[in-house]
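Q: In the order they appear, the protein sequences are chains A and B. So that you can map any letter, position 102 of the first sequence is 113 in this note's numbering, and since no number is skipped, the others follow by simple counting. So that you can map any letter, position 132 of the second sequence is 143 in this note's numbering, and since no number is skipped, the others follow by simple counting.
It is worth saying that the hints were derived from the structure and are not from the lab. Note that the Cβ used here is the ideal one computed from N, Cα and C, for glycine as well. Heads up, a few of these hints could be off.
Computed list of chain A residues with no C-beta within reach of chain B, every gap over 12 Å [what the hints assert, rightly or not]:
{"#": "1", "residue": "Asn194"}
{"#": "2", "residue": "Lys313"}
{"#": "3", "residue": "Lys316"}
Under the rule of at most 25 Å between Cα atoms (straight-line distance), these lysine-lysine pairs were calculated in the DSS-like manner [as the list claims (entries may be wrong)]:
{"#": "4", "chain 1": "A", "residue 1": "Lys342", "chain 2": "B", "residue 2": "Lys205"}
{"#": "5", "chain 1": "A", "residue 1": "Lys316", "chain 2": "B", "residue 2": "Lys316"}
{"#": "6", "chain 1": "A", "residue 1": "Lys325", "chain 2": "B", "residue 2": "Lys316"}
{"#": "7", "chain 1": "A", "residue 1": "Lys322", "chain 2": "B", "residue 2": "Lys205"}
{"#": "8", "chain 1": "A", "residue 1": "Lys205", "chain 2": "B", "residue 2": "Lys322"}
{"#": "9", "chain 1": "A", "residue 1": "Lys205", "chain 2": "B", "residue 2": "Lys342"}
{"#": "10", "chain 1": "B", "residue 1": "Lys342", "chain 2": "A", "residue 2": "Lys316"}
{"#": "11", "chain 1": "A", "residue 1": "Lys316", "chain 2": "B", "residue 2": "Lys322"}
{"#": "12", "chain 1": "A", "residue 1": "Lys205", "chain 2": "B", "residue 2": "Lys325"}
{"#": "13", "chain 1": "A", "residue 1": "Lys322", "chain 2": "B", "residue 2": "Lys316"}
{"#": "14", "chain 1": "A", "residue 1": "Lys76", "chain 2": "B", "residue 2": "Lys133"}
{"#": "15", "chain 1": "B", "residue 1": "Lys133", "chain 2": "A", "residue 2": "Lys325"}
{"#": "16", "chain 1": "B", "residue 1": "Lys342", "chain 2": "A", "residue 2": "Lys342"}
{"#": "17", "chain 1": "B", "residue 1": "Lys205", "chain 2": "A", "residue 2": "Lys205"}
{"#": "18", "chain 1": "B", "residue 1": "Lys76", "chain 2": "A", "residue 2": "Lys133"}
{"#": "19", "chain 1": "A", "residue 1": "Lys167", "chain 2": "B", "residue 2": "Lys205"}
{"#": "20", "chain 1": "A", "residue 1": "Lys316", "chain 2": "B", "residue 2": "Lys325"}
{"#": "21", "chain 1": "A", "residue 1": "Lys322", "chain 2": "A", "residue 2": "Lys58"}
Covered stretches of chain A, going by a simulated chain B footprint (3 or more residues, C-beta under 8 Å) [claimed, not checked]:
{"#": "22", "stretch": "40-51"}
{"#": "23", "stretch": "325-337"}
Number of protein chains: 2
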Amino acid sequence: MVIDSNFYMSLALNEAWRYQGLTYPNPAVGALVLDRNGQILSIAAHKEANCAHAELLAVKEALLKLNPTLIFPKDPNRLHKFIIDNHNNLLKDSTIFVTLEPCNHQGKTPPCSKLLSSIKPKRVYIGSLEKNNIASGGAEYLKKEGIEVVSGVLKKECDLLIEPFLSWREGHFSFIKVAMSANGVLDGGVISSKESRELVHALRDKITTLAIGGNSVRIDRPTLDARMIYGRAPEVFIYSRQKEFDKNIALFGVKNRKVTISSNWDEFKSSNFGMIEAGVNLFNNCPSFTKWLLLFKSSKFKIGKTIQATKDYKLVWQGRNSEDSFGWYVKE
Amino acid sequence: MVIDSNFYMSLALNEAWRYQGLTYPNPAVGALVLDRNGQILSIAAHKEANCAHAELLAVKEALLKLNPTLIFPKDPNRLHKFIIDNHNNLLKDSTIFVTLEPCNHQGKTPPCSKLLSSIKPKRVYIGSLEKNNIASGGAEYLKKEGIEVVSGVLKKECDLLIEPFLSWREGHFSFIKVAMSANGVLDGGVISSKESRELVHALRDKITTLAIGGNSVRIDRPTLDARMIYGRAPEVFIYSRQKEFDKNIALFGVKNRKVTISSNWDEFKSSNFGMIEAGVNLFNNCPSFTKWLLLFKSSKFKIGKTIQATKDYKLVWQGRNSEDSFGWYVKE
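All chains, full assembly: derive it from the sequences and hints.
A: Here it is, written out as structure tokens:
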């Protein structure tokens, strides 16, 4: 195995993918810090909007590795300032990898470009460049500060990571979520692990609208909230030609929730961030504008219904979630 | 993410798993070298019997990283001696991670314990310890040479990696191989990628006996050789109550091949290393002594037959093979 800039960028990428979707409306970003001698000090990802950017977290963890007695403020704004004032040149001549060009503007947090230049790294490797956006210019800023910048490392892979973000910015991103047993069975009780279901609840907490099939609503009578992580319940889009539903079904009882019952996917598309929780039937009726699939696979074999369909997806990333495997796929 | 000895051992483990089965009759082993400052110099795995052990390869690649002008001999014996004579203390005070205790005896290659002690690392981290075997004693040897040894890093994971090896040593190891589409379909033409099929051929080149169902033989009329990698064809065990087969079927035409037709799995168990290439029917008839499963999953959805069975496997490792995912599972 070759240990080069691609290797380090792939470690940052891998960490970022774990939080795909959860960073809404921000992009998923990963970062890695090597000390002046090339030792890995930290690998970190942006986890949630209003929380520290990947660069800020990675720099914090790198400093903590070098000086475990440091006590950092939690608030990202204060953390940013604290690091600028207290880094003590510990990260001078370090090397930083970041999957997306560091932001160069004051948003909810101060510009990462300023943070990075303050610690005086020797070199910053960047995957994707920010384009046509208020946040762009980070690479130029770093160069002007005398820091060597190498852009386009694993560019294709890093570009793919921020596709959902670019789609949000343009108005709509949605994906299909399917959970199946190792042999492809979707029904017959709980399929995925507690950790996988918690991830789905964390996604529900972030999305604008959750789409579900009318039959699933009638049979499973679900709540479709984010109770496992004490999160916010999303709006619900019930895909159904038949408009009549028993309003005692739990999902209708969630406070301040908008529920749309429709067989017109354009109404779903008006949401900024949608997740289609598909069973066997809905999978075949998913809208063509939804190109992404999040597939949870348990490691058990079960007896039951499987999806029977011909669709060409491409696996773009896979990870582990306790005993489950889960992967992001994009339609070819 | 915490960057500690577990992190580095997991990188070595991950590399080793890619060669699971292919190292027969040797154990799968991975190794990683950090320079004196903690920079990763190399990650390597044992790939095949009669080839360099993981430690030897990792040390070679580490030296090459530090001195790209070095030209190494290919033969592992000569490589071993060359490194002892030419390392120039480049790896003095390095840190080495190895998933299995370095061998301490002259086998087909000289002892890795001797190689490692000659380069004078500061510390060697070991996952599993070799027990009751001619090769054991490597950790003790290193300690006597004044090298710090830390054993038991990710011990459980490293022990699992060598389970097939321990079973070979005791007489028999076998696993089921299944290839399915993303939605669990097994039939209807080629399922997995060229790279996945090459891996299966590479495994066929290593195993003693390939087991297949009688119906598959009658319908698919397969050759069951290792032509994609120009390898050796294994013996074949046809699981069938019906003993009559058309001898013009390609598999019977492979020279010097033993073919057994039987419905008694004990005959299959007499082989040292067996792979059961299972379709929908054979999967349900697999012998209970076969605990391991190698599952290839394509990223396409197809229409066709799926396995309908209840079995509790646990995912122990997963990787990518071009567009496919593949994973090793163990029955719970």
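Q: None of the hints should be skipped; say for each whether it holds.
A: Here is what the structure says about each hint:
1. Asn194: Since the minimum Cβ distance to chain B is about 4 Å, A:Asn194 lies within 12 Å and the statement is violated.
2. Lys313: violated (6 Å)
3. Lys316: Given a closest Cβ separation of 10 Å, the condition is violated.
4. A:Lys342 <-> B:Lys205: Since the Cα atoms of A:Lys342 and B:Lys205 sit roughly 20 Å apart, the hinted pair holds (cutoff 25 Å).
5. A:Lys316 <-> B:Lys316: At roughly 12 Å apart (the allowed maximum being 25 Å), B:Lys316 and A:Lys316 satisfy the hint.
6. A:Lys325 <-> B:Lys316: Roughly 22 Å separates the two Cα atoms, so the pair holds.
7. A:Lys322 <-> B:Lys205: Measuring from Cα to Cα gives roughly 19 Å; hence the hint holds.
8. A:Lys205 <-> B:Lys322: Measuring from Cα to Cα gives roughly 19 Å; hence the hint holds.
9. A:Lys205 <-> B:Lys342: The hint holds at about 20 Å.
10. B:Lys342 <-> A:Lys316: Cα-Cα ~23 Å, so holds.
11. A:Lys316 <-> B:Lys322: Between A:Lys316 and B:Lys322 the Cα gap is close to 16 Å, so the pair holds against 25 Å.
12. A:Lys205 <-> B:Lys325: The hint holds at about 15 Å.
13. A:Lys322 <-> B:Lys316: holds (16 Å)
14. A:Lys76 <-> B:Lys133: holds (21 Å)
15. B:Lys133 <-> A:Lys325: Violated, at roughly 44 Å.
16. B:Lys342 <-> A:Lys342: Violated, at about 33 Å.
17. B:Lys205 <-> A:Lys205: violated (35 Å)
18. B:Lys76 <-> A:Lys133: Given that 25 Å is the threshold and the Cα spacing comes to 21 Å, the pair holds.
19. A:Lys167 <-> B:Lys205: With a Cα-Cα distance of about 23 Å, the restraint between A:Lys167 and B:Lys205 holds, given a limit of 25 Å.
20. A:Lys316 <-> B:Lys325: holds (22 Å)
21. A:Lys322 <-> A:Lys58: Roughly 31 Å between the alpha carbons, so the hint for A:Lys322 and A:Lys58 is violated.
22. 40-51: Coverage by chain B holds for the stretch 40-51 of chain A (6 residues, Cβ < 8 Å).
23. 325-337: Holds: 7 residues of the stretch 325-337 of chain A have a Cβ under 8 Å from chain B.
In this structure, the hints that do not hold are numbers 1, 2, 3, 15, 16, 17 and 21, in rising order.
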